[in-house]
Amino acid sequence: MEFEPVIGLEVHVQLNTATKIFCGCSTRFKADANTQTCPVCLGLPGVLPVLNEEALRKAIMAGLALNSTIATYSKFDRKNYFYPDLPKAYQISQYDKPICLGGFIEIKTGDAAKKIGITRLHLEEDAGKSIHSEDPGKKVSYVNFNRTGVPLAEIVSEPDIASSDEAYAYLQNLKTIMKYLEVSDCNMEEGSLRCDVNISLREKGTRPFGQKVEIKNMNSFRAVKMAIEFEIQRQTRALSGGERILQETRLWDANRSETFSMRSKEEAHDYRYFPEPDLPPVMIDQAYIDAIRSRLPELPAQRQARFVAEYGLPPYDAEVLTASRPMADYYEAVVKEGVNPKKASNWIMVELMARLDDPENVQAFNVQPLQLASLLRLIDDGTISGKIAKTVFEEMARTGGDPASIVKEKGLVQVTDTSAIEEVVDRVLAGNPQSVADFRSGKGKALGFLVGQVMKESRGKANPQMVNEILMKKLS
Amino acid sequence: MLTAKTLTELTTLLDSGEASSAQITKEFLDRAASLNPRLNAYITLNGEGALKEAAASDARRKKGALLSRHDGLPLAIKDNICTGGLRTTCGSGILRDFVPPYDATSYEKLKAAGFITLGKTNMDEFAMGSTTETSFFGPAKNPFDTTRVPGGSSGGSAVAVAAAMAPAALGSDTGGSIRQPAAFCGVVGIKPTYGRVSRYGLVAFASSLDQIGSFARSVDDAALVLGVIAGGDRRDATSIDRPVDFRPSELTGDVEGMRIGVPEEYFQGVADEVKDAVLEKLKQLEAAGARTEPISLRRTEYAIPVYYLIATAEASSNLARYDGIRYGYRAPDVKALEDLYRKTRNEGFGKEVKRRIILGTFSLSSGYYDAYYLKALKGRTLIIRDFQEAFAKVDAIVTPVTTTTAFRIGEKISNPLEMYVSDILTISANLAGIPGISVPAGTDRAGLPIGLQIMGNHFQERKILDCAKAVERVSGPLTPAV
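Chains as they are written, first to last, in our numbering: chain C, 4 to 479; chain S, 3 to 484.
It is worth saying that the hints were derived from the structure and are not from the lab.
Treat the hints with care, since some could be wrong.
[As the list claims (entries may be wrong)] Listed next, with one range per pair, are the computed distances between beta-carbon atoms:
| hint | chain 1 | residue 1 | chain 2 | residue 2 | range |
| --- | --- | --- | --- | --- | --- |
| 1 | S | R98 | C | F85 | 19 to 25 angstroms |
| 2 | C | D168 | S | R98 | 57 to 63 angstroms |
| 3 | C | F32 | S | R98 | 36 to 42 angstroms |
| 4 | S | E266 | C | S297 | 54 to 60 angstroms |
| 5 | C | S29 | S | D247 | 37 to 43 angstroms |
| 6 | C | S29 | S | Q390 | 43 to 49 angstroms |
| 7 | C | F85 | S | G449 | 32 to 38 angstroms |
| 8 | C | V143 | S | T149 | 49 to 55 angstroms |
| 9 | C | E322 | S | G86 | 55 to 61 angstroms |
| 10 | C | F85 | S | K395 | 46 to 52 angstroms |
| 11 | C | P300 | S | L384 | 57 to 63 angstroms |
It should be emphasised that the depicted structure is a prediction, and the values quoted were computed from it without experimental measurement.
Here a beta-carbon is modelled for each residue, glycine too, at the ideal position from N, C-alpha and C.
Please model the complete structure; the sequences and the hints are all you need to start from.
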C-alpha cells in the first residue's frame with residue numbers, strides 16, 4: 004500500500020513591537036534575566052492587561068499580506084494551564100474569534116506552483132522561559148520572564164502541505180513575507196519564529212485523513228524538514244506493519260535526528276478556554292483596515308513579477324533577488340545607477356552572494372550598491388576587463404575600498420594601446436615557435452595557448468579582444 | 003468626639019482649624035485599636051503610616067498646598083485593593099504576607115487627593131462569601147450584635163464604618179459584597195456602574211462582575227469618596243470615563259416626579275419585617291413626590307445559577323496564579339513541581355475558595371462548557387434585557403437588600419447553597435453592570451438594621467444617590483451599641 008503525507012503547520016511569529024502586548028515593558032532580546040518585567044507581565048494580584056495597538060496593527064498587516072480576511076469583530080480568550088513560566092496560569096490568546104481568517108501563501112517546489120491555505124492568524128502573548136540548571140548535583144530550575152507578554156501571531160495552515168520540501172518552501176515564503184512587512188525578525192534560533200508540525204499519512208489517492216501526530220521542538224527550517232521526513236518514514240513503517248498511529252505530541256531530537264513521544268492524547272491539557280473578561284472585544288472598522296492596506300510595502304511575489312517585467316530578468320533571477328527584501332533593495336539601488344539590469348543581477352548572484360552568509364545582511368556588506376555600480380561602469384567603459392573586475396571586487400569585499408582607487412593603486416587599468424600589445428605579441432610569438440607552427444599546420448587549439456601567454460605577460464591587463472585580433476593578423 | 007463625625011463635618015473642622023488631620027486620624031486609630039479585638043474589622047492597622055500621612059497633610063495645610071478639598075481625611079480600605087508597601091492579604095492564607103509593590107488606581111487617586119489610610123479591612127477570602135466568616139483572619143462581628151455576622155464579603159469595611167473605626171471605607175462588590183454588609187451594619191454602601199471605577203489593583207475574584215465602591219455613614223459621604231475614585235483608567239480596558247455628576251453639593255435628595263419601579267420578584271421570600279420596612283419607605287418616597295409602580299424582573303429566578311456559574315468560572319482562572327512560585331505562601335518540603343502546586347494551593351486556600359475553584363473549573367471543562375458556562379452567558383443577557391425593559395419605564399428600582407437581617411455567626415456557613423441563595427436580591431445588579439446602593443431603612447424588633455436597595459440604569463449614580471438621600475432624610479442614621 005502506498006501512503007501520502009498530509010501536513011499542516013502552526014507557526015508562531017514574534018511581532019517586533021517596541022513594548023509587550025499587554026504592558027509597557029520592553030521586548031528587547033538578550034537583556035539581563037527578569038529586568039524587562041512589571042506587575043502586569045508578572046501576573047501579580049489585581050493587575051490588568053491593556054492591548055498594545057502596535058501588535059494589533061502588525062497582526063493585521065501580516066493577515067493582509069497572507070490574503071486573509073480581517074475580522075471587524077474579534078476577541079481574546081484565556082487558555083488555562085499551570086506552568087512556572089506562565090505567571091497568570093493562563094495565556095491570553097484568541098480562540099473562536101481570531102483577528103484574521105482564511106488566506107494562502109503561494110509556494111514553488113521545482114517548477115510546480117501551489118497555494119497553501121491559511122486557516123487563521125491570531126494574536127497571543129508569549130510565555131517566559133524555563134532554564135534548568137545544567138549542574139547535575141543541583142536540581143534547580145529558573146524562570147526568566149523577559150519574554151512573557153511578547154506579542155505572538157500564530158499562523159495556522161490548512162493541511163495542504165504534501166511533502167517536506169513544500170513545508171520548507173512554505174516556511175521560507177512566510178518568513179520572507181514577514182520580513183518584507185518588517186513585523187518580525189523571524190529568527191528561528193532566537194525563537195522569534197517557532198514551528199509545530201501536524202502530520203498524518205493516508206492511503207494515496209484517498210480522502211479521509213489518518214491519525215495525526217504533532218511534532219514540536221525544531222529550531223531551524225532544516226530541522227522541520229528532517230522531522231517531517233523522519234515522521235513520514237516512521238509512520239509508513241508502522242502502518243505497513245499493521246500498527247495503528249497514536250494521537251500524541253512528539254518532540255524532535257536534533258542530536259539523534261528522530262522524534263520521540265512527549266505526551267499522549269490522554270495526557271493532553273483541557274485548556275478551558277473562555278472569553279477574557281479583562282479585555283473588551285476588538286472592533287475594527289473597515290477604514291482602519293484600508294489605511295493599513297494602503298501602507299503595505301510591495302510584497303515578494305509582486306516584486307518578483309515587477310523585476311521580470313521592468314528589468315527583463317529571467318524569473319529565476321527575480322526569485323533569488325527578491326527572496327530577501329534588503330537584497331532586492333540592493334539590486335534596485337545598483338540598477339538605478341544606470342547599470343545593465345542583467346549584468347547587475349549576474350554580479351550580485353554570482354560574486355556577491357558567494358561572499359555573504361545571509362542575504363538579509365547585505366546592508367552590512369563591504370561593497371555597497373554605489374560601489375558595485377562604479378565597478379560595473381569600469382568594465383563598460385573598457386577601463387578594466389571582466390576578469391580583472393573580479394579581482395577588484397575581491398579587494399573591495401575585503402577592504403571596502405573604492406573600485407577606481409583600487410584599479411589605480413594596483414595598476415590594473417586595461418591596456419588598449421595597439422603598439423604595446425603588439426610588442427608583447429611579438430615577444431610571445433618569438434618565444435613559442437612550436438605553437439606558432441602547430442597553429443599554422445591547422446591545430447586551432449594552439450591559438451588559445453598563445454592568447455593565454457599574452458594575457459599572462461601583460462598580467463591580465465591587455466584587452467583580450469585586441470589580443471585576439473592582433474594575434475590572428477600576425478599569424479595569417 | 004471626632005469619630006462620630008461624617009467626612010463632610012470633618013472637612014469643616016479641618017478647614018476652620020478646629021481639628022488637625024493628626025488629631026482626627028489618631029482618634030480613629032485609637033478607637034479602631036480598642037474595638038478591633040472584639041469586632042475584627044481590620045486585618046492590618048496602618049497606625050504609624052497613617053499618622054505620618056496625617057502629619058504631612060497638616061504640613062501641607064499650613065503651607066496652603068492642599069492636594070484637594072479632602073486632604074487629611076482618613077478612611078479604611080478593603081484588603082483586596084493593592085496598597086503599595088502595605089500588606090494586602092485578600093483575607094487569604096495564600097497572601098498572608100503579600101506586600102504589593104504597586105498601588106491600585108483607586109488607592110492612588112485617594113492618596114493623590116490627600117486621603118489617609120487607616121488600615122486594611124477584613125473580608126471573606128478572595129471576596130467569596132456573604133458573612134466575612136471565610137476570612138483566614140477570622141470572622142468580623144456585627145457591631146449591633148457581636149454574635150451575628152456583619153455580612154460580606156466587605157464585612158470589615160461595613161463594621162469599621164458602622165462602629166466609627168473609620169468615617170468611610172472602600173469595598174468591592176461582585177454579587178452584593180458592599181450592599182449586603184452595608185444593610186446588615188446599618189451604613190450606606192454603593193456599588194457603582196461596572197467600569198465607573200478602575201479595577202486596576204483590585205485583586206480579581208470575578209472580573210466581569212467586580213466593582214469597587216464606598217461605605218460611609220451618610221449618602222453624601224459615600225458619594226464624596228466614590229467621586230474621588232471614579233473615572234476612566236488607561237490601565238483598565240474595561241473602565242469607562244464619564245464625568246462625575248454626583249458630588250455631595252450636586253445631590254438634592256429631590257425625588258419629585260421620579261418614577262420608581264417595585265419588582266414583585268424582589269419581595270418574595272423576604273422576611274416580613276424587612277419587607278414592611280421597605281414598603282413603608284416607598285410610601286414616604288411617594289409622599290415626597292415620587293411615583294411608584296409595580297414592575298417585573300421576570301428572569302430573577304435564574305440570577306443565582308447564572309451568577310454562580312460565571313463568577314466561579316472566572317474565579318477558577320483568576321486564582322490559578324497563586325501557585326507558590328513567585329509570591330505568596332509556598333508549602334514547605336515539596337519534592338516536585340506538581341507537588342508544590344498541590345500542597346501550596348491545598349494549604350493556602352480555604353474551603354469556600356476551593357469549592358468555587360472546583361465549581362468553576364468544572365463548568366469550563368471540555369464537554370460541559372456549552373451546558374453550563376455558555377448557557378449562563380445567555381442567561382446573563384436575558385437578565386440584562388429585563389433591566390433594559392424596566393429602565394425604559396422607570397428611573398430607579400427599589401427593593402430590599404437582603405431577605406433577612408443579620409443572621410448568627412455559624413448559622414449558614416456549613417450550608418453553602420443556603421448561603422448562595424441569600425444573595426438573590428443583589429447579584430442581578432452585578433450581572434447587568436448597573437449601579438446599586440444600600441441605605442438604612444430602620445431596624446427590626448431585635449434592633450438589627452434593615453437595608454433598602456436602589457438600582458439605577460448604567461451611569462445613573464446621581465439618580466439613585468438622590469433617591470437614597472430622600473430615604474436617609476426619613477430614616478435617620480443608625481448607631482450601634484458598641
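Hints and how they fare:
| no. | hint | in the structure |
| --- | --- | --- |
| 1 | R98/S with F85/C: 19 to 25 angstroms | 22 angstroms, holds |
| 2 | D168/C with R98/S: 57 to 63 angstroms | 59 angstroms, holds |
| 3 | F32/C with R98/S: 36 to 42 angstroms | 38 angstroms, holds |
| 4 | E266/S with S297/C: 54 to 60 angstroms | 58 angstroms, holds |
| 5 | S29/C with D247/S: 37 to 43 angstroms | 40 angstroms, holds |
| 6 | S29/C with Q390/S: 43 to 49 angstroms | 45 angstroms, holds |
| 7 | F85/C with G449/S: 32 to 38 angstroms | 50 angstroms, violated |
| 8 | V143/C with T149/S: 49 to 55 angstroms | 52 angstroms, holds |
| 9 | E322/C with G86/S: 55 to 61 angstroms | 58 angstroms, holds |
| 10 | F85/C with K395/S: 46 to 52 angstroms | 49 angstroms, holds |
| 11 | P300/C with L384/S: 57 to 63 angstroms | 49 angstroms, violated |
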